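Asker: Sequence:
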Amino acid sequence: MLTVDVDDIVVDYPDTFALMQDLQAMGEGNAILGREMGAIRREVLMANEGIYRELHGNEDGSIPATFRIIYMIGWHEGGDQPKPLPRGSGDVNLKDILESN
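Numbering-wise, full-length UniProt numbering puts 5 at position 5 of the sequence shown, and it's gapless, one number per residue.
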């Protein structure tokens, strides 16, 4: 059996430099195969700041970045694992439980 869930988290940054610093701290640096080694030139970074802000910037001057977190779990059913009951055989409606909280 496999279960997958996804969360999208939007974080607002003051600029692309703060965003890149967080990406690097997460280990999400440049992972492109065949990339040029070495630092990115300053003029490229400055152009990136202006373009990203113009295309994606918020009204308050911050820039958003969306991080998609994917949770996955898989397991093999064991012989002694209880089998699911037939659909509709429950005594309690899940909707009632969720609405009571």
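Treat the hints as calculated values from the structure; they're not laboratory data.
Source: prediction; values computed, not measured.
Ideal placement from N, C-alpha and C gives every residue a C-beta, glycine not left out.
It is possible that some hints are incorrect.
[Unchecked claim] Taking CB as the label site, the calculated pair distances span:
1) Ala18 with Glu99: 38 to 48 Å
2) Ser89 with Pro14: 53 to 63 Å
3) Ile32 with His76: 28 to 38 Å
4) Pro14 with Gly88: 21 to 31 Å
5) Pro86 with Ile32: 19 to 29 Å
6) Ile9 with Glu59: 15 to 25 Å
7) Glu43 with His76: 34 to 44 Å
8) Glu49 with Asp80: 57 to 67 Å
9) Gly38 with Leu2: 32 to 42 Å
10) Pro86 with Ser62: 43 to 53 Å
11) Gly34 with Ser100: 47 to 57 Å
12) Gly38 with Arg68: 44 to 54 Å
13) Glu36 with Gly57: 44 to 54 Å
14) Val4 with Leu98: 46 to 56 Å
Asker: Now tell me if each hint is right for this structure.
Answerer: Structure-based check of all given hints:
1. Between Ala18 and Glu99 the CB atoms are about 41 Å apart, so this pair conforms to the stated range of 38 to 48 Å.
2. For the pair Ser89 and Pro14, the supplied restraint of 53 to 63 Å holds, since their beta-carbon distance comes to about 54 Å.
3. For the hinted restraint 28 to 38 Å between Ile32 and His76, the CB-CB distance of approximately 36 Å keeps it satisfied.
4. Range check, Pro14 to Gly88: Cβ separation about 52 Å, and the 21 to 31 Å hint is violated.
5. Look at Pro86 against Ile32: about 50 Å separates their beta carbons, and that is not inside 19 to 29 Å.
6. Remark: the range hint 15 to 25 Å for Ile9 to Glu59 is upheld by a beta-carbon distance near 20 Å.
7. Range check, Glu43 to His76: Cβ separation about 54 Å, and the 34 to 44 Å hint is violated.
8. Judged by the Cβ atoms, the range 57 to 67 Å given for Glu49 and Asp80 holds: they are separated by roughly 59 Å.
9. Taking the beta carbon of each, Gly38 and Leu2 are about 41 Å apart, inside 32 to 42 Å as hinted.
10. Separation of Pro86 from Ser62 is about 51 Å and conforms to the stated range, judged on CB atoms against 43 to 53 Å.
11. Checked against the hint of 47 to 57 Å, the C-beta distance between Gly34 and Ser100 comes to roughly 56 Å, which is consistent with it.
12. Taking the beta carbon of each, Gly38 and Arg68 are about 29 Å apart, not inside 44 to 54 Å as hinted.
13. In this structure the supplied range 44 to 54 Å is violated for Glu36 paired with Gly57, their Cβ-Cβ distance being about 28 Å.
14. The given range of 46 to 56 Å is broken by Val4 and Leu98, whose C-beta atoms sit roughly 21 Å from each other.
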